[in-house]
Amino acid sequence: MPHSDLSTQTLSREAMATVFTITVAHAEPDYARQAIRAALDELDLLEDRLSRFRPSSDVARINRLQPGQKTTVAPETLACLQAALAVESRTGRALDIAYASAPSAAARIELGPAGSTVRVLVPGVRLDLGGIGKGFAIDRMATVLAEWDIEAALLWASTSTVLAVGTPPGGCAWSVWIGPEDARRSIRLVNRALSASGVSTQGHHIVDPRSGRPAARRARCWAEAPTAAEADALSTAFIVMSQTEITRYCLEHPEASARAFDVRGGDFATCSDRPTRT
Amino acid sequence: MATMKRRDFLGTAGAGLLLGAAAGAKAGNKADATTPADTINLAVIGVGSQGRNLIDAAAPIPKILFRAVCDIWPYRQQYAVNRLKSYDQSAQAYTDYREMLDKEKNLDAILIATPDFTHAEQIKTCLGAGLHVYCETMMAHSIEAGRSVVRAAKQTSRLVQVGYQRRSHPCYRHVVDKLLGKAELPDQVTQVQTRWVIGASEAKGWPRRHTLPEDLLRRFGYDNMHEFRNWPWFREFGAGLAAGLMAHQLDVVNWFLAALPNSALAAGGVDFYKSRETPDNLTAVYQYPTAWGTVRACGQVLTSTRADGIGHFEQFCGIEGTIRISENPKWTAIFQDPNSVEWDEWVREGYLVKTRTEPVKPPTSGEQVVRETCQVEPYALPSLLTKPPLQLHLENFFYAIRGKADLHCPAEAAFRSEVPILKAIEAVETRRAIDLSPEDFAT
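Heads up: the sequence lines are chains A and B, in that order.
Using the numbering used here, read the first sequence as starting at 1 and increasing by one per residue.
Using the numbering used here, read the second sequence as starting at 1001 and increasing by one per residue.
The hints are simulated quantities; they were obtained by calculation from the structure and are not laboratory data.
These numbers come from a predicted model, not from an experiment.
It is possible that some hints are incorrect.
Below 27 Å or equal to it, Euclidean Cα-Cα: the simulated DSS-like pairs (lysine-lysine) are [stated by the list, open to error]:
| # | chain 1 | residue 1 | chain 2 | residue 2 |
| --- | --- | --- | --- | --- |
| 1 | B | Lys1387 | A | Lys70 |
| 2 | B | Lys1274 | B | Lys1330 |
| 3 | B | Lys1274 | B | Lys1204 |
| 4 | A | Lys70 | B | Lys1274 |
| 5 | A | Lys70 | B | Lys1404 |
Please construct the entire structure, taking both the sequences and the accompanying hints into account.
This is the structure:
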């Protein structure tokens, strides 16, 4: 179908203390809106599972477990935890979903091996998926859209994480903007995600898990990755990582890239071997 | 227990819980050699969104084993089978539940999450096959169908639990047992409000490549995919928001007031969705004769925006305060009238939790300290919810099958909550007030 025949439909829904927005390009507007609704319905289910503020959520139940106890969680919860632990491992715990837990050098939780179970290994485990959950939700919604054979979509969690699926009508990439007000730059995305973390909107809300104190390395940074969960998690990690650490990470993981600017207002520090900037 | 065979145990456990239960033999449920003696073998009929919720709620419970799933839509069948695999369970998929009952001889209980118009027949067929049944609300699509389910349950030794899950929600049970019961708060209840707003959104669609063939749709009662996917919109299949949402809340009103309404007024219409038949906005007013006198309950189910800041709740207004309760603790709060007696005793007992540090009381003498304004904040309920309410309701069902609990919502209780809902629909359709007599609730 020629791209010029496609129109775009956009719907939003409030969840996870923010607003998610999906734009779909499709020749049939009604079909596009129904597909978006199906994706947003998945979002509601995920919030029930992942929110630590909901007392019956999977995460809240894990947080009440004593050492040695285990609980069965939804497959989505397990997948989100697996994604988070993978980024934790690759970043040297610059992302730590258990940062609010009692200090422990040992592993805090064990996933599986059979079924969809999580076992708590040490006292005082307090998981918080705030550094990855929104990105994970975007990926799950994109999976729903794929079931509907949607080939072009842009999925946002607030303004902080975005996943581009395919290309927009009449274009060869979805364009988004990053950077400070006076120095915006365009980023072009195709089947990739971009996420921002920072301290300018919600104050010093990101804690450096390695020091236990609010992160103050830089005002805002961006991470680009193949999935929204990874981009979300990496942007959280990058904001507490040093320039050297970020550079090394991107060299070792060429599927990811990072952009950051210093809290003192310095120019972008770009760590990417991929020519993604236009 | 050591000498009791599993099939004997499961076959007799529920009988004592049913009024007039016949000593019927349970047909065809057998343990295999690999499962523990008190494992409950399940199948689920209808694996749409609520069927998925049932799988997610039941699969984590120990000694619960899914054997089969049934849905007329292969897309959902496959989804359910895959989902159960992620819980290390394997289930056979069926299109027709009767074929499933014929072939699956190890079943002990059935979970039903199909459209409302199929419930009564499916429940009765499963009871006839010797199976315990958990059915989503509404239990029946008409008063006569509901009555027939209650009678069928009484004539068998099987259990029917209906999905009014608030009855297993620990916060709701706390209010009944502790606040309304022991503390007698908030004293005389005079008014009840229930409210549930859903966001206006698209009709449910379907992935184009998973469209069902017309002959299959017609075989199961639908003219097209739109009807199949949006069945609550059509009177032939369901009763819309009143059945899907208000029924849960009215069940709470009946339960909390320990009474049944004697009249129903209702107004509603199709205001947003142009192609639906059942009201997308409905307000019903019921009158309850209670020990306090007449209590009026106003229930609203609305299609507008979900961004209203107050959520969905059931609210009981009394002389000494107001109990506002919701499945979501975020919307639950207990408000104290400034002229009421002290509630400190109930805080000490653990019935209520103070969310403020300073009591706010009117000045009573010249010795009052003049200081900054204290904020009036409501009391909270203690944190009691540790599992999803649906899981708790299913656990109650499974405990009852094993003879370790009474059902929280047997068919009789569900019937008494569904009669007023169906009467409200009638009131909308006929534009007249309807009196309800004890005979309307008789089974």
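Now for the hints, and whether the structure bears them out:
1. Proximity of Lys1387 (chain B) to Lys70 (chain A) is assessed by CA-CA distance (about 14 Å); at most 27 Å being required, the pair is judged to hold.
2. Distance hint between Lys1274 (chain B) and Lys1330 (chain B) is unfulfilled; the C-alpha atoms sit about 33 Å from each other, more than 27 Å.
3. Proposed proximity of Lys1274 (chain B) and Lys1204 (chain B) is supported: the alpha carbons are some 14 Å apart, at most 27 Å.
4. Taken as a hint, the Lys70 (chain A) and Lys1274 (chain B) pair is broken in the structure, with Cα atoms around 49 Å apart against an allowance of 27 Å.
5. For the hint pairing Lys70 (chain A) with Lys1404 (chain B), the CA-to-CA distance comes to about 24 Å; that is within 27 Å, so the pair holds.
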